[in-house]
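S.K.: Now for the letters of each chain:
Number of protein chains: 2
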Amino acid sequence: MAAPSDDAAVWRGDRFVVATTDTMVEDIDFRLDWPGFDFRALGRRLMSVNLSDLAAMGAAPRYALISLVLRRGTTASDVTELYRGIAERARRFGCAVAGGDLSETSGPLTVTASLIGRLTSARRLLSRRGARPGWQIAVTGSLGGAAAGLRLLESRRRPASQAERSWVRSQLDPIPQVEAGQVLVGVGIRVGGDISDGLHREVERLLDGSSIGATIDVGMLPLARGLATTSWELAVRDSEDFELICAAPARTMQVTQRSLARRDLRLTVIGQFEGERGIRLRNGSRLEKLEGAGYEHFR
Amino acid sequence: MAAPSDDAAVWRGDRFVVATTDTMVEDIDFRLDWPGFDFRALGRRLMSVNLSDLAAMGAAPRYALISLVLRRGTTASDVTELYRGIAERARRFGCAVAGGDLSETSGPLTVTASLIGRLTSARRLLSRRGARPGWQIAVTGSLGGAAAGLRLLESRRRPASQAERSWVRSQLDPIPQVEAGQVLVGVGIRVGGDISDGLHREVERLLDGSSIGATIDVGMLPLARGLATTSWELAVRDSEDFELICAAPARTMQVTQRSLARRDLRLTVIGQFEGERGIRLRNGSRLEKLEGAGYEHFR
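Protein chains in written order, with the working numbering: chain A, 1 to 299; chain B, 1001 to 1299.
Hints should not be assumed to be uniformly reliable.
A few chain B residues that face chain A, going by a derived Cβ cut-off under 10 Å, partial list only [to be verified]:
1. R1012
2. T1021
3. V1025
4. E1026
5. G1099
6. D1101
7. T1112
8. R1118
9. E1233
10. L1265
11. V1269
In case anyone wonders, no lab produced these hints; they're calculated from the structure.
Ideal Cβ placement from N, Cα and C applies to all residues, glycine included.
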């Protein structure tokens, strides 16, 4: 690392590099008046959004560059808290904050992180391409919590139960699946991504450019605790859970589940890829076609 | 590089890496209603700002990550033009656009680039630390053009002469000194930076943390063509020229000048570092102390 007085950061490079960038805009991607949310939580969330993109490729985080565009009225202590949240989450995942930029805006607070990660080889990574008919589809962790938390926050009702508090936490302070991503590539999985833009949207992306399709079984979805099974749409359509999705033959999936279980991480098969195009949802004996869900800005 | 469908970009890494990030906010860092400025010019300028930070360390540009936060009303063709400008400048300096993010804001257009560059060794780089008394101070190119161009733009008067047009170009479409930076480290210069935040500000930074000072000789400043010698303040205080500054013993400086001249690049000695603290300005027989100039947001 160069002196922090320089405009750019320097470090000894890795053989295979991954980089990603994500911006969060106030009132679009977050609201500072959400109960329980603040500048520090925003810092953590900014890092988590970007760390999740690295996790989605199975990369190990290395360096972060941070650009903060502050609105008038932001205090020095707000900025300190923001950096504290960034540093906290960066440290947890072995990532060094290597540099940044600070400017001012008449508009909403706008924060950007660019993350640089490492792969152990150019082939050992998760990519959206390559899913085959017959392969199982699986997700890490549990689903629907982030969407349920967002509804709660927007209703302005205080979370009343342990389950409700965990939903809000999934929304406000999601933990990226960095370790799981590295386990997945380590055991040989090559197809996957993260579902923080929505499960349905990510399945669409895995199918994009191929001539195959997928069926998701609603009954198999690992719903967040406290969610009624009738709330499955929260896990499929509006989901913003910071979990990973992956695809592989059943045998590979079993090996992967065992490998993750040893680290107290969960992987649940939720459906499979098929020769027939489209995304289908199996709900008991009903089979319906699912279209146009997920969440995406500016498309 | 990974498939553009993935959230992150992948490439084979370099041994020594440099990274930098800079954000530009509409109406603070640029105005789209400047005559001769548009989305394409903005794209070029965004890249130039960041490329200049890499040039300031003597690094070769490699990859860029772009985050665009668009205000409502931005059209698809505006975005296309913006990307076109980014790609144009990236290509010129051998830099690949490796990924990006697109979002929307209720505030001003906000654009961020993060650039990753390569060094040939961990020691062959320019840094702000290490200037010694007796060393010469030199700058690439010419000075004052960008500041003169900004005044012209803000006066809303159309540039009337070739010189005025070149000033406006220095402001709207500055060319980063990427090649010069690499030549400087190649011949052994280790102390330097870029002066796009102002010459005076950058000399201050080179002195920061040391107990030495500097004298700049006004008569030696390589003023942009058409600038009267009485306009020297434009080159010192308000300057936003995308040029490099460096410091070295006189003998090294001569070698460097010859090396740059072979590439049609200019390096002009403008003063020297001295044992006495502070920044002094020699104007003929007058010597004055210079304080608090330069341009910096949010300090």
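S.K.: With reference to the structure, classify each hint as holding or not holding.
M.R.: Here is what the structure says about each hint:
The beta carbon of R1012 (chain B) is positioned within 10 Å of a beta carbon in chain A (closest approach about 6 Å), and the interface hint is therefore held. Evaluation of the T1021 (chain B) hint against chain A yields a held restraint, the C-beta minimum of about 4 Å falling below 10 Å. Among the interface hints, the one on V1025 (chain B) holds; its C-beta lies about 5 Å from the nearest C-beta in chain A, closer than the 10 Å criterion. Because the smallest distance between the Cβ of E1026 (chain B) and any Cβ of chain A comes to about 8 Å, under 10 Å, the interface hint for this residue holds.
For the restraint placing G1099 (chain B) at the interface with chain A, the shortest Cβ-Cβ distance is roughly 6 Å, inside the 10 Å limit, so the hint holds. At a threshold of 10 Å, the smallest CB-CB gap from D1101 (chain B) to chain A is about 5 Å, leaving the interface hint in force. The interface hint given for T1112 (chain B) holds, since its Cβ lies 5 Å from the closest Cβ of chain A, which is under the 10 Å cut-off. A cut of 10 Å between beta carbons decides the hint on R1118 (chain B): the least distance to chain A is about 8 Å, and the hint holds.
Interface hint at E1233 (chain B): violated, since its Cβ lies 24 Å from the closest Cβ of chain A, which is beyond the 10 Å cut-off. With its C-beta approaching chain A no nearer than about 21 Å, L1265 (chain B) sits outside the 10 Å limit, and its interface hint is violated. With 10 Å as the threshold, the beta carbon of V1269 (chain B) stays out of range of chain A, its nearest partner Cβ sitting at about 23 Å, so the hint is violated.
Taken one by one, the earlier hints fail for this structure at numbers 9, 10, 11, listed in ascending order.
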